[in-house]
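Student: What follows is the residue order along each chain.
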Amino acid sequence: MNRRFFLKSGSIALASVGMSLSAPSFLERVVLGREVTGGRRKTLIAIFQRGAVDGLNMVVPYGESNYYAVRPGIAIPKPAAGNDETAIDLDGFFGLHPSLKSFKPLWDSRQLAIVHASGSPDNSRSHFDAQDYMESGTPGVKSTGDGWLNRYLQTKNDSRNSSFRAVALAREMPRALMGRAPAVAMSNMSDFAIRAGRQSATLQNGFEEMYAQQTKDMLGTTGRETFEAVKFLKNANPAQYKPENGAVYPTNPFGNSLRQIAQLIKADVGLEIAFTDMGQWDTHANQGNTRGQLANLLQTFSSGIAALYQDLGQRMDDVVVLTMSEFGRTVRENGNRGTDHGHANAMFVMGNSVRGGKVYGRWPGLKNDQLFEGRDLALTTDFRDVFGEIASRHLKTTDLKKIFPGYSISESNYKNFLTT
Amino acid sequence: MRKHLRKITVIMLLASIAAAQPLVRASKTPRLTDEQRIVHVLNRLGFGARPGDVQRVKSMGLENYINQQLAPEKINDAVADNKVKDLNTLTMSTAELYEKYPQPGQIRRQLQNRGVLPKDSAEAQDNQKNPRETPEYRQAIQDYYKENGLELPQRIMAELHASRILRAVYSERQLQEVMVDFWTNHFNVFAGKGADRWLLPGYDRDTIRPHAMGKFSALLEATAQSPAMLFYLDNFQSVSPNASRGRAQVMVNAPVQQPRRGINENYARELMELHTLGVDGGYTQKDVQEVARCFTGWTIFQPRGGAAAMAARGEDARMRRPAGTFFFNARAHDDGEKIVLGHKIPAGGGFNDGLKVLDILAKHESTAKFIATKLVRHFVSDDPPPALVKRVAAVFTKSDGDIRETLKAIFFSNEFNSPEAYRAKIKRPFELAISAIRAVGADTNGGPGTHQWIARMGEPLYGYQTPNGYSDTAESWVNTGGLLERMNFGLALAGNRIQGTQVDLSKLAGANTDKNKMIDESLKTILAGEVSAATRATLLKQVEAADPITKVVGLILGTPEFQRQ
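Chains as they are written, first to last, in this note's numbering: chain G, 55 to 474; chain C, 4 to 568.
Bear in mind the hints are in silico, worked out from the structure with no lab data behind them. One or more hints might be untrue.
[Unchecked claim] Restricting the straight-line Cα-Cα distance to at most 25 Å, the calculated cross-link-like pairs of lysine-lysine (BS3-like) are: (1) K288/G x K544/C; (2) K285/G x K544/C; (3) K270/G x K544/C.
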């Protein structure tokens, strides 16, 4: 029985004494517009690129001659004015894949930062293990029961009892959000309902009544929360949502997820952690260069995120977008014009509070003798230092020890990509 | 108030007197009615009552029923056996599974090597698409599957899921199925990790089932040697750093992506933390390292099937043993002296080092306590009563880890039979789904339509990534998303909207045209009539519209009461 349960039971007990004394329910608070009175809430949108994106073609170290020597078939050409099929220059050494051109304005306005040569210190090249480590936040330790984002939620009491404090736009609860703190996973907001055709409304009333009567236990409390959430989503009417500022989301599952995250943020429901993912990055064969498989994936990826950014507009003051992938890919291209499982990778951090326009992290180099185990980009930034900086400076938690057990986070390891 | 206090004191006094009585006497606790005790046993020793089960147990006697369940090998199980008889993968060896259910990627490579399909790079002229997805490739691979009578590997897990669902629904050996579920979770293996989906049918059939009600030590040894566990916890690639490099690597058949050599501590750690001693069971990091050394060389021959698919068709006659089976690779073993939990394991022990470790762990008092705690949590209460855990652990130790004796100590205890334990556990999604199907007397083929609901409610079988397995306490399962899916599941089942599962509700409540009678009959069958007056009133309000029985049953399956067992 967790602490939250007692807190919530307390408020239910109050409610049963009489309406005048009752704490307003979640829905009532939303309706009464009280949700925003507790001050602005900071939100993190975490995006997982599952399958290990090729970070060296996503954020291209075009200043490395060895990059071109070992990737004869798949390298992204050096920036050349007037030629769209080249890297987009960032700082004279790194360039973006041309499919990421919608990120360039964010870079120019210093809202996009990159942490290169980052990732997990564990050298596993198994997708399964490496995703597990990145989501549990404990590289090398398999038995960690909960995810780092859930542990973040556990470090703070949620004074507003929001049912939507943590939402995964995903079919199953991602490992990063598993744990004691409540979180909701759904692939579509419209599925979060009683689904029984024409009878749905009547049956929902029936269930609601039955759960409302269970005043003394966890089932009753959670049932009440459930129906508040269902009603809220119904009122929000996801199908009618209109993105703002001319944003156009790509019409695919990734775009749909981001659109719904934007909608939840704008609804002021107390969303702190949003999570979604995108797959198919495991490009062992024919990954392509400026066109092809990886280019198409990056196009979906960047157009979705750029639309989200545009749609949220000024709200990006309170939002940070973080992208991650379980490991990088081999520096050399393989015999199938693809790349195999590697080590360090690149992460994007975006938001109005980001000190953007800079590639953070020490660059380890791509010469053969600089490679990790003779084949991969070496790691210079532990992903926990990136997560830690966001957890403390953006989400304002102080208990980093709990979020990253067995790892001593120190400010001196932060890359300082966030304003303090 | 004072009267109330006195009552509590009397109850406590009675409870302490009862606790001092022999176990058999304890079963006569007056506070649960006879019918409640039967319902309780059917819920906890099995997956809930089918229509008529309560009466059946009543006529044979509850104690007889429990004793019968403790000896599953003597129960005729023809109905369940018949239900699973067409699931072909259940009886296949791992090598056969690799042969008949190969990865499409593997077939593609073979066709490329034989020149039937062009190589990827030659095909990639326009760089627009992954050639694996071109219609030409897909067609060639599809044809190959057809011509050779092959099927996609997804089928393997679908059949394993179906067998678990079918046996849980139809088996008369209910306790056996509960224990299979319990141990599968205790010795968790994730189907999504690498080769494990080919290895899991054997894990269920040869590792878990034969030992689910036997000796814990035998079960432990079986899991330690199971390819599924060796793969899942990486021990198959754990090699002594002193092993002769070339040979050891070839024999271990390390995958191309992971040219790793050296000791892997993963299994050693989880073996002690999760399988035996428990996290506070008194081992050190040094013990983990020493245990890992003992298990070097415990590996799998051709863990990913290797040439199995082709070999069986005579394309590689050099096979010395079936793919995907356990073997001890002496060349990869660290043969030096080890010290495990204070026990010296002399140099030169070879394969026996691992066996010794398992023996030490199975007999350890921390293991008795850890297993007793988990069993009591599962069968009695989320907060295991310490006194009961102590007694059960003592029985475990005294009986040399005999699972039946240990269970008996739980089932005939005061605590198990107390009103505090009655309907005190929240069903896990698998338990909820199976108990609902049983309660309404539905007929199922156990197919993906049913398993998808179990997954949606949060408990896909063999779908838990980390080695600790699904939680056995309520707080992990009672959350908004999960609860909503439980209600939707009940409505889908009652509305006959689950593919592969049908229910005839007219049988359930007869042809009752009287609303009150219909509700009471339904409640009696599904919940032994035990719901609050308010819940019943809600149901009565719902029967006005058309198709009342579907609504009533759907709602009952979604009641707070039915989430409990």
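Student: Mind checking the alpha carbons of K288/G and K544/C for me, to see if they're no more than 25 Å apart?
Tutor: holds, 24 Å
Student: Can you confirm whether the C-alpha distance between K285/G and K544/C stays at or below 25 Å?
Tutor: holds, 21 Å
Student: Hinted pair, alpha-carbon criterion (25 Å max): K270/G, K544/C. Please report holds or violated.
Tutor: Roughly 24 Å between the alpha carbons, so the hint for K270/G and K544/C holds.
In the structure shown, no violation is registered for any of the earlier numbered hints.
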